[in-house]
Amino acid sequence: MPEQSLSLLAHPSIPLLVAALLVAIVPRRAASVALVAAPLVTLGLVAAGRGNVSADLHLYGVTLWPLRLDDLAAVFAGAFAVAVLLANVFGLATSTRLERAAGLVTAAAAIGVAVAGDLVMLFVWWEVKAVASTVLVLAANSERAAGAALRYLYLHLIGGALLLGGITWHLAETGTSTFVALDITPATAMIAAGFLVAAAAVPLHGWLPDAYPAATFTGTVLLSAFTTKAAVYALARGFAGVEFLVWVGVAMSLYGVVFAMLQDDLRRLLSYHIVSQVGFMVAAIGVGTTLAVNGAAAHAAAHIIYKGLLLMGVGAVIHSTGRRSASQLGSLAKVLPWVLVLYLIGAASISGVPLLSGFVSKELTIHALDDSDRLVAVVLLKIAAVGTLLSTLGKLPYATWIAPPQTGERVPVLRRPAASMYVAMTIAAAVCIVVGLVPGLLWDQLPYAQSYSPYYSGKVVETLQLLGVAGLGFWLLRRQLAPHPGVVLDVDWLAARTPALAAPAFRALDGAASRWSRTATSAGAWFAARHSSRPAWTTRPTWWVGTVIVLASAAAMIGSVWR
Amino acid sequence: MSASTNSGVPGVRVLVVLAGAVGAGVAVDLAIGARPVGFGAGVAAFGVVILTVTARGLGMLLRRDLPRESAGEGDRA
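Protein sequences appear in the order of chains P and L.
Using the numbering used here, you'd call the opening residue of the first sequence number 1 and step up by one each time.
Using the numbering used here, you'd call the opening residue of the second sequence number 1 and step up by one each time.
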């Protein structure tokens, strides 16, 4: 452990939690100040505390490290702080109190995960993040959001249960909960499985393209930054070098781009690209060298910014037109030209166009795989990069801004994007460009020293060839790649039906638990009813009783192990 | 000659143009001495074809009509 010099009051999650409280109670204008100031204070705390840890705590004989700001934690915590800052600025004109508070708590919890020095603290923040991000989905206040939020919560409770089971088992076996690189045992395999659920590893990814598009457009920007990247951090910390992850990551990268090409909903398309891009990171973690972990961390940080920019771009379109499907849009270049320009910077970045952040981080990641002689994985990731270009730089902007609407009617622009939306998108675009031009700025934040530069003639020519031929392919096949109305079945079909399958069990739990948890049940039902347009699954006490039972079981398990 | 067949599989014209692009990539690599020769262009051409065919095939198998209530109509975006 590094030097123990940090006070717990310097925990970077604290300003965000205080701000969450403030935005819930103070007038909107004052809340706006807190929305911007809190992430900046958090960023300052991360920068100031880097390289240090807090004093340890002893609880029931277990040593806890509530705050560990080493280099790996700092790069993720810093990226999370920037992400919540951009999302808050983007939503200044439109977001509700509930969204704002839930977004801040989600960000605080993600940072808590990154800086937790032990698995028990990590689990606590992990579950706070799951609940807060569920509320963030619910804040869209629609039936679709209520259903998606329920499925999101359900899958993350399963992931949380796996994580908790693994942690308690590991604690019983080893007597320590310190979160360092873990050897693979049955207990740590359960922990890894919990992380992989949150990383949206195929086939456990269905919650992501289901829930993210169901949130408000600001909520989607927030959600895109935290859950999967916190899981990437956790995998990098605990499971770097596990070969299985290389192929999990490659599968994610290809599966994500293929399903993205099939989507009509703008945010669902981009959600599948989160699965794909996280696949690059997971593959690098599987390699496990210092260069590969650097690649995963760099790609996560770059991805948080350019994916936020992409989702802000389509969010501005949804805000302006009220339409969320590419097949219902078209010819918006003349009415929303700057949104197009800013979106294209994000799209070029995720596609790996030189001089942008996605190029340098993706090439570092792929170079790490190449450096470890995994040529097949490198070729498959390059194919995934082709698919990324086809849909994010080709299909989506072409259908939304360039091609005439499929409906044959002019797309009405109901309102213009707010100035704060342009400010947030411009800052994100600037970060993409600056990091692409001066990759050393990003390299300096990474956990290990390195000197790799993707700017040499062979790499640039290879990349330009790849992008040029892929662009040519898109242009030749643009009509075949045009969006089609409808939904494309995925594993979310199963997730959507799981509550019905599980209903009898939860009804039994509800009956047994109602005698001792009426208060929690009533509060949960009230909350769900308050934030749902009509009663849905979330308004049923069964789910809230189920949640209480899971948490109570968790406390009992931890207590029994510690005794 | 159409760009693709009715099933969405890239047609002859697309394949010819992509092959030409790969040839150009090989020529550039040979000219500047880059290795492996034609890697970027080759992977891109293969990727475009294989991803398009896969996506079109999966689309035909898995696409369903969208219920109106799920289309986002009336939802607060």
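Don't read these hints as lab results, they were simulated from the structure.
One or more of the hints may lead you astray.
The calculated label-pair distances, taken between Cβ atoms and stated as ranges, are [said to hold, decoys possible]: (1) Ser331/P x Val26/L: 47 to 55 Å; (2) Ala19/L x Gly458/P: 20 to 28 Å; (3) Pro186/P x Arg64/L: 33 to 41 Å; (4) Gly241/P x Val26/L: 54 to 62 Å; (5) Thr54/L x Val438/P: 31 to 39 Å; (6) Glu243/P x Ala19/L: 54 to 62 Å; (7) Ala19/L x Ala449/P: 39 to 47 Å; (8) Arg13/L x Arg97/P: 55 to 63 Å; (9) Leu30/L x Val438/P: 28 to 36 Å; (10) Met60/L x Ile184/P: 39 to 47 Å; (11) Arg64/L x Ala10/P: 32 to 40 Å.
Covered stretches of chain P (chain L as the covering partner; in silico rule of three or more C-beta atoms under 8 Å from a C-beta of chain L) [claimed, not checked]: (12) 253-263; (13) 456-468.
Note that beta-carbon positions come from the ideal geometry of N, C-alpha and C, so glycine has one too.
Task: CB-CB spacing for Ile184/P and Met60/L relative to the 39 to 47 Å hint - done: Because 40 Å falls inside the window, the suggested range holds.
- [ ] Indicate whether the distance between the beta carbons of Leu30/L and Val438/P respects the range 28 to 36 Å.
- [x] Between Leu30/L and Val438/P, where Cβ atoms are some 33 Å apart, the hint holds.
Task: 39 to 47 Å as the expected CB spacing between Ala449/P and Ala19/L, which holds or is violated - done: holds, 44 Å
TODO: For Arg13/L and Arg97/P, compare the CB-CB distance with the range 55 to 63 Å and indicate the outcome.
DONE: holds, 56 Å
Task: Whether chain L covers the stretch 456-468 of chain P (at least 3 residues having a Cβ closer than 8 Å to its Cβ atoms) - done: holds (count 10)
- [ ] Hint says 54 to 62 Å; check whether the CB-CB distance for Glu243/P and Ala19/L agrees.
- [x] With a Cβ separation near 36 Å, Glu243/P and Ala19/L fall outside 54 to 62 Å, so the hint is violated.
Task: Consistency of beta-carbon spacing, Gly458/P to Ala19/L, with hint 20 to 28 Å - done: holds, 23 Å
- [ ] Indicate whether the distance between the beta carbons of Gly241/P and Val26/L respects the range 54 to 62 Å.
- [x] Since Gly241/P and Val26/L have Cβ atoms about 37 Å apart, the given range 54 to 62 Å is violated.
Open item on the list: Verify this for me: three or more residues of the stretch 253-263 of chain P with a beta carbon less than 8 Å from a beta carbon of chain L.
Closed with: holds (count 5)
- [ ] Using the beta carbons of Pro186/P and Arg64/L, state whether their distance is inside 33 to 41 Å or not.
- [x] Holds: the Cβ-Cβ distance is about 40 Å, inside 33 to 41 Å.
- [ ] Take the C-beta atom of Ser331/P and the C-beta atom of Val26/L, compute their distance, and say whether it sits inside 47 to 55 Å.
- [x] violated, 39 Å
Open item on the list: Taking 32 to 40 Å as the stated bounds, is the beta-carbon spacing between Arg64/L and Ala10/P within them?
Closed with: violated, 52 Å
In terms of the numbered hints stated before, the structure departs from hints 1, 4, 6, 11, listed from lowest to highest.
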